[in-house]
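*Asks:* All chains, full assembly: derive it from the sequences and hints.
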Amino acid sequence: MRRGARVVAVVLLVVACCAWGAGRLSAQSKAKAENVPLISFTSVPNFFKLPPDLYFGEGIGIATNSKGHVFVYTRSGDTRLFEFDEKGNYLKEWGVGLYGLEFAHGVRVDREDNVWVVDEGTNMVIKFNPDGRVAMVLGRRPEPVAGAFDSTMPAAPAEKYRFGRPTDVTWDAQGNIFVSDGYVNSRVVKYDKNGRFVKSVGIRGSQPSQLNTPHSITSDEQGNIYVGDRGNARVQVFDNDLTLRAIYDNVGNPWAVCVSPGPHQYLFVSNSNPDSNPAASWAITGEIYKMELDGTIVGKFGKAGKGLGEFSTVHAIDCRNANELYVVEISAWRAQKILLNPQQPPQSVAR
Amino acid sequence: MKKLLRVCATAGVIAASAAALSAQLSVPELLFDSNPDLLKFPADIHMGEAAGVATNSQGDIFLYTRTGNPHIVIGTSRAVSHGGSRLFQFDRTGKFVREIGGGTYGMLQAQQVRVDPQDNVWIVDQMSTQVIKFDANGRVQMILSRKPEAMRVPALPLTPLPTGIPIVQAAPPAPPAPTAGAAPAANAPLPGAGAEGESFQRPTDVAWDAGGNIYVADGYGNARIAKYEPSGKYIKSWGSRGTAPGQFNIVHGIAVDAQGNVYAADEGNRRVQVFDANGTFKKQFLNVGTPTALCITPGPRQFLYVAHSGDPDGMEDAAIYKVDLDGKIVGKFGRAGKLPKEFGLVNSIDCRSENELLIGELSNWRVQKLTLRAAR
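Note that the protein sequences, when read in sequence, are chains E and P.
Each residue of the first sequence is one higher than the one before, starting from 1 at the first, in our numbering.
Each residue of the second sequence is one higher than the one before, starting from 352 at the first, in our numbering.
In short, the hints are calculated from the structure, not lab data.
Yeah, the Cβ is synthetic: ideal placement off N, Cα and C, and Gly gets one too.
Wrong hints could be hidden among the right ones.
Claimed, not checked - Taking lysine-lysine and the DSS-like style, the derived pairs with C-alpha atoms no more than 27 Å apart in a straight line are:
no., chain 1, residue 1, chain 2, residue 2
1, E, Lys193, P, Lys578
2, P, Lys446, E, Lys127
3, P, Lys634, E, Lys127
4, P, Lys692, E, Lys199
5, E, Lys193, P, Lys692
As the list claims (entries may be wrong) - A short, non-exhaustive set of chain E residues, derived as facing chain P with CB atoms under 8 Å:
no., residue
6, Gly95
7, Tyr99
8, Glu102
9, Val134
10, Val137
11, Pro144
12, Ala173
13, Gly195
14, Val198
As the list claims (entries may be wrong) - Derived CB-CB ranges, DEER-like:
no., chain 1, residue 1, chain 2, residue 2, range
15, P, Asp668, E, Gly309, 51 to 57 Å
16, E, Asp131, P, Gly548, 46 to 52 Å
17, E, Asp78, P, Pro499, 21 to 27 Å
*Replies:* In C-alpha cells form, the structure reads like this:
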C-alpha cells in the first residue's frame, strides 16, 4: 500500500512536471538562425575562490569594473553581492544588511566604476560608489507595514519613479540611466544622471516597441539601447530617445544581453535553457550568440548542460573583454569565466 | 504663450484670493548649504530610509532608519514579524558611536526619533505601533502601546490620498458584537478616534511639554493625538478622521512650543493645526503645503520648520518652510530631487539650532545637514 501510494505520487508529480514544463517550454524557442558558425571556447576551472563559509546560490548578476574585479550578485541564503579580484580571489561582500537587497536580479558597473544592483524583491535600483557606499537609489521598497504584496500581473499604469520587479540597468555616455522594468511593468525607463525621469517606452504586448518581460538591457557607444525582450523572443534596439530602430528575432529568447566596449563592439545574446530544464529543452536552447551591432551573427558557442563549459540557465553576461566573458547561471548556482578562441577558424555545423 | 498662460492663471488666483496670493508671492527663498555626507558609517552598516533624525543636548545625533530586511517567518502559526529598522548614535562630527536597541522587539518600520529635554531618546515605530523611550545610556525606560502579535498577510489595499500619495488603509474595525434588541450606542466612538489608552494604529511622532507630559501623533490608522502624564499614565486624546478643525487625515508630525501649544502636521488635509495643551483647537496654518515633518526651535523667539512633500516620490514638489508661531511664513528653501539641497520625502527635521538643521529623507536614504545663511 505504501509503495502503491508512492507510485501514485510519482505519477502525479511527473504529470504535473510535464504539464508545467510544457508550459514553460512554450515560452522558450529554438533560435531561427541556421548554419551559425561555432566559436570554440574554454571555461576556466575553479576560477572563483570563495571562503569556506560562503556559497553562491543562484547566479543572477555578474559584472566587472575597470580593474577587472568581478561582482557576483547571487541568491544565496540571503541575496548577497560579492567582489572578487581579477584572478578570482574573494575580496569582500558589499551592502551587508542593505534595505534594498532582497531578491537579486542584476548587477552592472558603469564607466566610473560605480556598482549598480537591480533588486526585484525591493523594486529598487541601487548605485554604490566605488567604495561600496550607497550613492543613489531609484524606486522605493514597499513599506513593510503594508504587508506582503501580490506581485503578479499589474493593473495600474506604470508610475515614473516606481518599479514593478525591475530586471536590469545600463547607461549612455552622458550618464543617463536606462532601466528595464520588468516582470510586472513592461517598459524601459530613461532617467537623467541625477535620477530625474526623462521618458519611457513600452507596454505589455508583442507589437514593435511593446515588451513581454524585458529581462536584460545594454547600450553601445552611440547610446543605442538593446533590450532582451525575453517573452517575445527578440532583441529590440532603441535609439537614445527610445525610438525603435531594429528587431533581432533570430537568436531565441534573450535572457541576457551584453555589448562589449572598444572601437569594434559586439552584442552577446544568451538563448538560455529554461530554469528547471524541461525535457527536450536542452536540445534547442543554451547557446550564446556573438553578433555585430547591426544584428549580423558572428557565431555561437555553448550548449545547455551542467558540466564545466556547459550552460545552465545563463542569467547574465559580462563582456568588458569580448574574448574573456563571465557568465552566471541560475540552475547551476555558479559563475564561469569563458575564454573565446577567435583565432581558430570557425567551423559550421549542421543541426 | 507659456508666459501668457501663467499670467492668466495668476489672474485667476488673484480673483480667487488676493490676500492668499500676496502672501504666497512674498515668500522669500532662504539661502542655505548642505552637507549630505555628515554621518560616517562602519563598513558593514548602511542606512536605508532615514525616517528619523534628532540631536541631544551634547550634539550627539540619533538616526532611526529603515534598514536590514524586515521579515516574517514561515512555518509558524501566524506571520510573526522581525527586524527592519535600527537606531544609531553618532557624535556631533558625524562619527559613528554605537547602535542602540539592536534586536529589540519593537523596531520594525522606523517612523521617528526625538530626544527629550533630559536627553532620553524616544523612537516611534509605525509597524510595531510602539513608542519606546531609551535613557541616555540606551536602556529601555518606557513602552507605550503594544506590538501586534502577528502581521497581516496579505497586504491591506493601498488608498491614494488627495495628494496622490498611496497609503495603507487602516484595518477595518471589528464589528461590534450584536446585542439583541440594542440600539446603536449614541456615543459610539468617531472613526479614527482610537481606543482610550495606548492602542496606537501606525503612530508617527512624539513630543513633550515643559511639564514632561507626552503627546503622541497617532497617526495613519487612527486620527488623533493622545496625551500622557510623564509617568505614562493616559490623560486624554482628541481628534477623529475628517477635515473639520480638530479632525485629522494622517497626523504625521507633532511639536510643542514653550507655552505648551501643540502643533500637528495634518498631512492629508494639507495644514498645520494648533491646539492648546488640553486639545482645544486654536488655529490652523494653510500655507505650508503638504506637511510631512515639523520641528520647533528652542530659545526666546521660536520658529516652526515644516517640510512639504507634494508628490509621492519626492521628485517633483518639495520645500521646507520656516514659519513663525503665528503662521507667518519667514521663507522657504529647497526643492524636490536627489542632489544635495534637494529633498526626497523629508520625514524628520531636527532644529535644536535654528540655523543648522538635520533632515532625514525617505526616498533618498539620506541625512543632510542644512546650514541656513544669514539674510542678506
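*Asks:* So, for every hint listed, does it hold in this structure?
*Replies:* Quick rundown of the hints versus the structure:
no.	hint	result
1	Lys193/E <-> Lys578/P	47 Å, violated
2	Lys446/P <-> Lys127/E	23 Å, holds
3	Lys634/P <-> Lys127/E	45 Å, violated
4	Lys692/P <-> Lys199/E	24 Å, holds
5	Lys193/E <-> Lys692/P	16 Å, holds
6	Gly95	6 Å, holds
7	Tyr99	3 Å, holds
8	Glu102	6 Å, holds
9	Val134	6 Å, holds
10	Val137	5 Å, holds
11	Pro144	4 Å, holds
12	Ala173	20 Å, violated
13	Gly195	4 Å, holds
14	Val198	12 Å, violated
15	Asp668/P <-> Gly309/E: 51 to 57 Å	55 Å, holds
16	Asp131/E <-> Gly548/P: 46 to 52 Å	49 Å, holds
17	Asp78/E <-> Pro499/P: 21 to 27 Å	25 Å, holds
Hint violations for this structure: numbers 1, 3, 12 and 14, all remaining hints satisfied.
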